[in-house]
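*Asks:* Sequence:
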Amino acid sequence: MLITMFIIGLISGVITGLLSVGGGIILIFSLILIPPLFTQKNLSMLDIASFSIMQAFFSTLSGSLFYIREKLIDTGIVLYLGVPSFFGGIIGVIVAHQSTTDFWLRIIFALMAVSAAIVMQIPYVTNEDKPYTFSLKSYVLSVMGGLMIGGLGGLIGLAAGFIFVPVLIFFYHVPIKKAIGTSLVTCLLLATGSLLAKISITTVSFDLGFALIIGGVIGAQIGGRLNKQLSSIVLKRITAYSILLVSVKLIYDLF
1267 MLITMFIIGL ISGVITGLLS VGGGIILIFS LILIPPLFTQ KNLSMLDIAS FSIMQAFFST
1327 LSGSLFYIRE KLIDTGIVLY LGVPSFFGGI IGVIVAHQST TDFWLRIIFA LMAVSAAIVM
1387 QIPYVTNEDK PYTFSLKSYV LSVMGGLMIG GLGGLIGLAA GFIFVPVLIF FYHVPIKKAI
1447 GTSLVTCLLL ATGSLLAKIS ITTVSFDLGF ALIIGGVIGA QIGGRLNKQL SSIVLKRITA
1507 YSILLVSVKL IYDLF
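Residue numbers (the working numbering): 1267 to 1521.
Heads up, some of the hints might be wrong.
[As the list claims (entries may be wrong)] BS3-like, lysine-lysine: derived pairs with alpha carbons at most 30 Å apart:
#, residue 1, residue 2
1, K1403, K1443
2, K1443, K1337
3, K1337, K1403
4, K1307, K1515
[As the list claims (entries may be wrong)] Cβ pair distances, simulated, as ranges:
#, residue 1, residue 2, range
5, R1491, Q1387, 22 to 30 Å
6, R1491, L1462, 29 to 37 Å
7, L1520, F1437, 28 to 36 Å
8, I1269, L1331, 26 to 34 Å
9, S1401, V1514, 36 to 44 Å
10, S1328, V1361, 25 to 33 Å
In short, the hints are calculated from the structure, not lab data. Everything numeric in this text was worked out from a predicted model, so none of it was measured. Where a beta carbon is used, it is the ideal one built from N, C-alpha and C, also for glycine.
Working from the sequences, and respecting the hints, build out all of it.
*Replies:* Right under this line is the structure:
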């Protein structure tokens, strides 16, 4: 199983390195589809979420440190959107373990994957020339949004970067580079809350998780180098359509 997890990490890492988006979606799909091919064993969505959020924690931690050093973080947005996502992640994990079946977790994941496929088609056009002005209403909406996104992420083990980045760009008018950095820190908070909740509620297989992470790190390096030789726009579209098709198949198989 260690080798299988390393291979899954490697494959998802290559794709993530190529696209720089949708890494969690790709990883969860891989954890759903690949283990039965090698081990004749299906992982439960609770186990998949544990591995996914563990990988998300380490990858977002690494990325966040870089952007923090470069001062490409909007601390105000992190406070009002990221901190609530930390608590949302905890709530999502608790709900997943206490009152949600594997069937519904797969449905929720498939719907989020479809959303990711749609988001991947949207070109990132910054509105930084129109600074966003916070009001009491926007603070409340930010906190509620962080809790909601964190809850969904905690349910299925996603750091939800594919949601945070466009929200920061289109709604908060954050410049693209700062949006990516702010999103990474927000995702790190979500992943931290989710991982802490996972560790406190259930036994997490760290040996398999680290095999997954090592494969992902190596794969991301390979994908990053391949990215320089291929059209990222075409790759994103191909991946988005593939995610959409697999999501439809996943929902079809459930019924």
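*Asks:* In ascending order, which of the hints set out earlier in this document are inconsistent with the structure?
*Replies:* Violated hints: none; all satisfied.
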